[in-house]
Amino acid sequence: MSGETQTLDTRDDIKLSNTQIAWRAAQDIEDGAYINLGIGFPEMVARYQPPGRQAIFHTENGILDFGEPPAAGEEDWDLINAGKKAVTVKPGAAFFHHADSFAMVRGGHLDVAILGAYQVAENGDLANWRVGSKGVPAVGGAMDLVHGAKQVFVITEHVTKDGKPKLVSKCTFPLTGVGCITRVYTSHAVIDIADGRFVLREKLAAMTIEELQAMTGAQLHVDGAVADLVVPAL
Amino acid sequence: MDKTIRTLTDAVSKVTDGATVMIGGFGGSGAPIELIHALIDNGPKNLTVINNNAGNGRIGIAAMIDAGMIAKMICSFPRSSDPRAFTDTYLAGKIELELVPQGTLAERIRAGGAGIPAFYTPTGYGTELAEGKPVAEFDGRQFVQERWLKADFAIVKAHLGDTHGNLTYRKAGRNFNPLMCMAATTTIAQVSQIVEPGDIDPEHVITPGIFVDAVVEVSNPQQEEELIRAGVAYAGGMSA
Numbered sequence: 001m002s003g004e005t006q007t008l009d010t011r012d013d014i015k016l017s018n019t020q021i022a023w024r025a026a027q028d029i030e031d032g033a034y035i036n037l038g039i040g041f042p043e044m045v046a047r048y049q050p051p052g053r054q055a056i057f058h059t060e061n062g063i064l065d066f067g068e069p070p071a072a073g074e075e076d077w078d079l080i081n082a083g084k085k086a087v088t089v090k091p092g093a094a095f096f097h098h099a100d101s102f103a104m105v106r107g108g109h110l111d112v113a114i115l116g117a118y119q120v121a122e123n124g125d126l127a128n129w130r131v132g133s134k135g136v137p138a139v140g141g142a143m144d145l146v147h148g149a150k151q152v153f154v155i156t157e158h159v160t161k162d163g164k165p166k167l168v169s170k171c172t173f174p175l176t177g178v179g180c181i182t183r184v185y186t187s188h189a190v191i192d193i194a195d196g197r198f199v200l201r202e203k204l205a206a207m208t209i210e211e212l213q214a215m216t217g218a219q220l221h222v223d224g225a226v227a228d229l230v231v232p233a234l
Numbered sequence: 001m002d003k004t005i006r007t008l009t010d011a012v013s014k015v016t017d018g019a020t021v022m023i024g025g026f027g028g029s030g031a032p033i034e035l036i037h038a039l040i041d042n043g044p045k046n047l048t049v050i051n052n053n054a055g056n057g058r059i060g061i062a063a064m065i066d067a068g069m070i071a072k073m074i075c076s077f078p079r080s081s082d083p084r085a086f087t088d089t090y091l092a093g094k095i096e097l098e099l100v101p102q103g104t105l106a107e108r109i110r111a112g113g114a115g116i117p118a119f120y121t122p123t124g125y126g127t128e129l130a131e132g133k134p135v136a137e138f139d140g141r142q143f144v145q146e147r148w149l150k151a152d153f154a155i156v157k158a159h160l161g162d163t164h165g166n167l168t169y170r171k172a173g174r175n176f177n178p179l180m181c182m183a184a185t186t187t188i189a190q191v192s193q194i195v196e197p198g199d200i201d202p203e204h205v206i207t208p209g210i211f212v213d214a215v216v217e218v219s220n221p222q223q224e225e226e227l228i229r230a231g232v233a234y235a236g237g238m239s240a
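Protein sequence lines correspond, in order, to chains A and B. Just so you know, we're using my numbering here: the first sequence kicks off at 1 and counts up by one. Just so you know, we're using my numbering here: the second sequence kicks off at 1 and counts up by one.
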C-alpha cells in the first residue's frame, strides 16, 4: 500500500466508490509493469499509480506507453485508445499492428489486465460481455485479454444495483473466459481466486466476515490474515 | 512498375456484387473513408464486410449499411457512439453478423495472408463464441481451433505509399490495415502522399509492396470522428 500522507476514509457505514476501488487496485501494479486496462471503469486505475512507479499501458489497437488525453481541440483521431478516445504518447512509446498487439496479450507478455465484470465465479470464470441474448452482441478484445496476462484482475461493485451477488459459485451470464481471474477488488473487499476458491485478503474494517459472506454468492475462505481494506478519501 | 490509380472510383471499380471486402481501421483511426465512399458511389450489393466495428453515424461503413450494400458483417465490436445503422438493420434481420473476438479476428486475417488455414487459440474457450469449433489440449490447456480469413478485396488507409505499393502508417492508424493488405486477393490503399521508389527508407516500410495492388492519393483524408461530430451523412456522388 502507498505510504502517502492522505486523509484516510474512516467512514464506517459505506462502501468504496469506484475511484476508491480503482485506487486500491492501482497499489498492486508494480513499477515497470506492462498493463492493459479495460474500457470504462478500469481506465480509472491509471490515475492512481503510486508516486515513483511507472507502469506502461498497452491498448489493443496498437500502442504501448500511451498517456493522458490531449487538450480539447488538440485531438489527433489516428491516436486513440481501445475505447476510441483520443490519447497522447509518452517518450518511448511504440505503435504496432493488431496481430502483434494480441501476440502481446495471448503470448503472456502483459503483466496485468484489469477488467470490469457482471459476474465472477469462484473457479475464476468471468462474465463481462453480455447479459442475455437480446440486442446486438459485441465482444471486442475482452475474450483475448483474459488469456495471457500473468494476472487478470477484476474491479467491481460487490453486489448489483438491486443487491444480488456479483461474486458467485457459477456464472449465469454468458462467459468471457473460464478459470481466468486471479484477483477481485470490490467495493467491500479484496479477494484472491486460488484453487477454485474465493480467498478473502482484505475487507472493510466496519464489516464482519459474516456480513461480507451474506453479500457473496459463494463461500469466502480465510487463509491467513484478513487485513483492513483502507483507502484514501478521493 | 507503377501501382498508382488516379481516381478513387477507378480504384474500387472491380469490387462487384457478392464480394468479400476487408476494410481497415479501428473505429475512425486508419479508416479509409474516401475509398469507402467511392465504393458506395459504385454501389456493389450483397457484400461481406470484415472490419473491427460495424460503422458509426451515417458515413463510412454505416453509410454502406444504409445503402443496403452489406449482407454480412464479420467484426468484433458492432457498437459505436452512433450505432443506429448497424443496430436497426441487424434487429430487423436484414444483416448477418459473425462476431469474432478482436485478437482472433486479427490472427485469422494474419493467417489468411500467411497461408495458415487454421490455428489454435485460448481465446473463447468455453464460451458461446467457440460453440461447434474443434478443441484440443496442448500442454494441459484447452485451445479452440480458428480458421483463416481471406477476402477478395482489402481497402486500407496508409500514410505514405510509393509507386511499388510500399506503405507506412500514421500512429495507431496502423491497426488492422497491414494484416488486411496480406489477406486479400486485391489490395487497394489510399495514402496521404504517393512518393517515388526510394523515398521511403526500406527500414521504415511497414507493408511491403508485394501485398499491395493499387495506390490512390488522398492528400487530406477525412477523419471519421470529425465527420461524426459535424453530423455529416454521406449522400453519395462526392468521391469523384
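I should point out that these hints are in silico values taken from the structure, not numbers from a laboratory. Predicted model, so just to flag it, every value in this text is computed and none were measured. C-beta atoms are modelled at their ideal positions from N, C-alpha and C, and glycine is treated no differently. A couple of the hints might just be wrong.
Stated by the list, open to error - Lysine-lysine pairs mimicking DSS-like chemistry, simulated, CA-CA at most 30 Å apart:
hint	chain 1	residue 1	chain 2	residue 2
1	A	K134	B	K94
2	A	K170	B	K133
3	A	K85	B	K133
4	A	K161	A	K134
5	B	K171	A	K134
As the list claims (entries may be wrong) - Just a sample of chain A residues kept apart from chain B, beta carbon distances all over 12 Å, derived:
hint	residue
6	A33
7	G62
8	A71
9	E75
10	N81
11	H97
12	V105
13	D111
14	A138
15	V139
16	G148
17	D223
18	D228
To be verified - Sample of chain B residues facing chain A (criterion: CB under 7 Å; computed from the structure):
hint	residue
19	G27
20	R79
21	Y90
22	A172
23	G173
Hint check against the structure, violated hint numbers in rising order: Going through the list in order, the structure violates hints 3, 5, 7, 9, 10, 11, 12, 14, 15, 16 and respects the others.
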